[in-house]
Every structure is written in structure tokens, then in C-alpha cells.
Amino acid sequence: MRRVATAVLIALSPAACGTARRPGFPRQSYDEDEQIKQLERVFEKPEMIADYYDPAKTPEAGRRDARDRIISGRLALIDLNYNEFVRQFASNKQAIDTTAEITAIGLNLATAAVGGAEAKTVLGAVAGGVTASKVAIDKNFFYERTVPVLVSAMNAERKQALIPITNGLGQPPEQYTLGQGLSDLDTYYFAGTFLGALQTIQADAGAKEVQAELELTTVRERRFFGKERQDRAAELVDAVDTLSNAQAIALATNPPFSNPEADKMVAAIDPGGKRLRDGGAARRVLKARIPYAKRSEAELDAWETAVRAAK
Amino acid sequence: MPATVTTREPIAADVDDEAVRREIALRLKAGAIRCRVENGQGGRILVTEWNVIGEQ
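So the sequence lines, in the order shown, correspond to chains C and A. Under this note's numbering, think of the first position of the first sequence as 1, with each following residue one higher. Under this note's numbering, think of the first position of the second sequence as 1, with each following residue one higher.
There may be inaccurate statements among the hints.
In silico lysine to any residue, SDA-like type, Cα no more than 20 angstroms apart, as pairs [unchecked claim]:
id, chain 1, residue 1, chain 2, residue 2
1, C, 294, A, 21
2, C, 274, C, 227
3, C, 227, A, 40
Computed list of chain C residues with no C-beta within reach of chain A, every gap over 10 angstroms [to be verified]:
id, residue
4, 66
5, 78
6, 79
7, 87
8, 149
9, 174
10, 250
11, 285
12, 309
The following label-pair restraints were derived from C-beta to C-beta distances [to be verified]:
id, chain 1, residue 1, chain 2, residue 2, range
13, C, 45, A, 13, 52 to 58 angstroms
14, A, 13, C, 73, 23 to 29 angstroms
15, A, 37, C, 276, 30 to 36 angstroms
16, A, 13, C, 72, 40 to 46 angstroms
17, A, 54, C, 31, 35 to 41 angstroms
18, A, 13, C, 42, 52 to 58 angstroms
19, A, 43, C, 253, 35 to 41 angstroms
20, A, 54, C, 296, 41 to 47 angstroms
21, C, 31, A, 12, 53 to 59 angstroms
22, A, 41, C, 148, 38 to 44 angstroms
23, C, 83, A, 13, 24 to 30 angstroms
Hint data in this document are derived by calculation from the structure and do not stem from the laboratory. Being a predicted model, the structure only gives us computed values, none of them experimental. Ideal Cβ placement from N, Cα and C applies to all residues, glycine included.
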């Protein structure tokens, strides 16, 4: 009896059945694993970042190329690993389903075919166990409709998170610093995780609360759009990136000019007040606030003086 | 979707398109995730979308 059961299990094992390695996914046009290894050899070197900030190793003229190389290399690595990650779940789900179903069918057939009450009882119990374990896996392991929903949420979120990186790479390194790029890469990576996807879904559930709209009533006049004023605002945005954490926090805590509309906007994008304790958040808030200045001479002067004084 | 805040600002009728394009570029430079112009009943509206800090 034991030989019959063993033979059935071996015959119906995934290897013997020739289960596809990644059902639902055609072969890639390149060896993904090998590409990941090659990229890791280059872009996971811990000294890369230190070298970037060392003027002897990365002179001013080469900084943009170096920044782009680090960011785009790590971006490619994140993308390749994400593809592997997504395919692994599709593969596991289908592989487990196929394996469990075929094994259960085989065992049920064998139960019916073999003689003797004892053999039938044992094989029946094994078949029941296999079916039951599949059900347990289905219930417990992300499954059924959950994975596709999470993958969709991750894909949508990754697209969003990619925008500041592609925008940033079009700017010189003084405007889009390597630090900012690495921070954006972390956000991009996180967008491709189940935790990130769950946060996205939660956010969608409360979309009305989360996607706040601020109707600003002040009509933006021609003066507001004047090229000289826009240029001054753009220079202020650049200058904010050069502020240290402490300087940015000080300026975000005490803006140099009263502007209730800008205050409202700041409160909406930073409801937790992170700008008051985190330099990166303070810089982001300051940069976002600047376009909402009314751009009177007095307001622009106040900001320029304050940023100069802070440095 | 990440938590976002969208601001909507009316644009005066005599503002030319080139000036609005420069403004959109400024907003993106300042960290906006999207910026566009919508045509509303009362005229053009500058629509700018920002990520909420700590929510994306």
C-alpha cells in the first residue's frame, strides 16, 4: 500500500508533471537574475555615495553624470527586483494550486483504485490533508483576488513615485541633489511593496478625506505670472535645497512673510507638522510654499533676505 | 494613491499661455507631482497636486 501511495505522489510531483517555472509569464528577452547580479556588483558598493561627495573622486564637472548613474542604476535594480517579486507571487499561487490539485486528484483516484479498507482509509486521509492544506493556503497566503489588487495598487503607486525622479534627473545636481534622489528612490521602492500597496488602498478607501482640495479664491493676476517674479521664485526654490536641516527647519517654523493662503496650503500638505523637526520635510514644505507667495516686491524681498540670512 | 492635496487657483483672463507654462514648470520644480490648467465656467484654473508629507 505504501508503495502505491509513494508511486502516486512521485508521479504527480510538480517536477514530474513539468509544471512551468512561471506560469502566465513569457520568458524575458534577457537573463533577469544575471542582470540583477551585475547591477548589484556595481551599485551596491557602499563607497559609491562617499565617492560622490569627495571632490577628488567626483569633480564638479562630473557630478551630474555621477548622480544620474547612481540614481538610474539603482532605479533599474529596484525595477528588476520588483519584476521578480511580482512574478514570484503569481508563480507560487499557480504552482501551489496546480500541485495541490493534481496531487489531490491523484490520491483520490488511487484511493478508489487500490483494494483493502485500510489502504483506502489511509489514502483518503492523505488526500483530505492535501486538499485541506490547499484551502488553508488559499485563506492565509495573500491569495485569490488579493494579489492582483495589491499588484495593481503597487503599479499605480510606482508610477506616481517615479515622477519626481524623472523630473529631478532633468535638473542639475545643485537643484536635484543626490540626497533627494536617494530619498525619492526609497519612496519608489516602498511603493512596490505590499505594505505600500496596503497603505495606498487604505488611502483610497478614505479618498474624499485624503485627496483634499483647496480652492484658493485669490485670482492670479498677470503680475503674479511675470517672468522676473517667476525667475525669482525659481531661484528661491533652488536656494532652499542648499539649506542645512537646521536652517530649513528654522525657516519653515518662522516664514518671513505672512500669507494666510500659503499657510493653509502648508497645513494641508504637512498636517503632522513634520517640517518642524525634519530637515527634508522642511525643505519640501518651503519649496512647495514659494509658488504660493503673492509675489509682491515686499514678499519676494523678505524671502530672499531670509534665505540669504539662513545660509 | 498617495495622500494628496490639490490646489485650484483662478487665472486672470489676460495672462498668456507662455506665462502659465512657466508657472507649471515652476510648480514641478518646487516638487508638485502634477500641474495643469483646467477650463472652468469662470475661466482657467491652475490645478496643482502635491503629495502629503509622510503619506506617500
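Against the structure, the hints come out as follows:
Restraint check: the Cα-Cα separation between residue 294/C and residue 21/A comes to about 18 angstroms, which is no more than 20 angstroms; the hinted pair holds. At most 20 angstroms may separate the alpha-carbon atoms for a hinted pair to count; residue 274/C and residue 227/C exceed this at roughly 32 angstroms. Simply put, residue 227/C and residue 40/A have alpha-carbon atoms about 25 angstroms apart, too far for the 20 angstroms limit, and the pair is violated. Non-interface status of residue 66/C relative to chain A is upheld: no Cβ of that chain comes within 10 angstroms, the nearest being about 22 angstroms off.
The non-interface label for residue 78/C is consistent with chain A: the shortest C-beta to C-beta separation is roughly 16 angstroms, beyond 10 angstroms. Against the 10 angstroms criterion, residue 79/C stays outside the reach of chain A, whose nearest CB is about 19 angstroms from its own CB. Its beta-carbon lying about 24 angstroms from the closest one in chain A, residue 87/C satisfies the requirement of being farther than 10 angstroms from that chain. Distance check on residue 149/C: its Cβ is at least 14 angstroms (rounded) from any Cβ of chain A, clearing the 10 angstroms threshold; non-interface status holds.
Every CB of chain A lies more than 10 angstroms from the CB of residue 174/C, the least distance being 12 angstroms, so the non-interface label holds. Distance check on residue 250/C: its Cβ is at least 18 angstroms (rounded) from any Cβ of chain A, clearing the 10 angstroms threshold; non-interface status holds. Under the 10 angstroms C-beta cut-off, the non-interface status given to residue 285/C relative to chain A is violated; the minimum distance is some 7 angstroms. Chain A leaves residue 309/C outside its interface by the beta-carbon criterion, the shortest separation being 21 angstroms against a cut-off of 10 angstroms.
In this structure the hint that residue 45/C and residue 13/A lie 52 to 58 angstroms apart at CB holds, the actual value being about 56 angstroms. Here the CB-CB span from residue 13/A to residue 73/C is close to 48 angstroms, at odds with the stated 23 to 29 angstroms. Remark: the range hint 30 to 36 angstroms for residue 37/A to residue 276/C is upheld by a beta-carbon distance near 33 angstroms. One distance hint, 40 to 46 angstroms for the beta-carbon pair residue 13/A and residue 72/C, holds here, with the actual separation near 43 angstroms.
As the Cβ distance of residue 54/A to residue 31/C is approximately 39 angstroms, the hint placing it in 35 to 41 angstroms holds. A beta carbon spacing of about 54 angstroms between residue 13/A and residue 42/C agrees with the range 52 to 58 angstroms that was offered as a hint. Under the hint 35 to 41 angstroms, the C-beta atoms of residue 43/A and residue 253/C, about 37 angstroms apart, fit the expected range. Separated by about 32 angstroms at the C-beta atoms, residue 54/A and residue 296/C break the suggested range of 41 to 47 angstroms.
The hint said 53 to 59 angstroms for the Cβ distance between residue 31/C and residue 12/A, and at roughly 58 angstroms that hint holds. The supplied range of 38 to 44 angstroms is met by residue 41/A and residue 148/C, whose beta-carbon atoms lie about 40 angstroms from each other. Distance hint check: the CB atoms of residue 83/C and residue 13/A are about 49 angstroms apart, inconsistent with the given range 24 to 30 angstroms.
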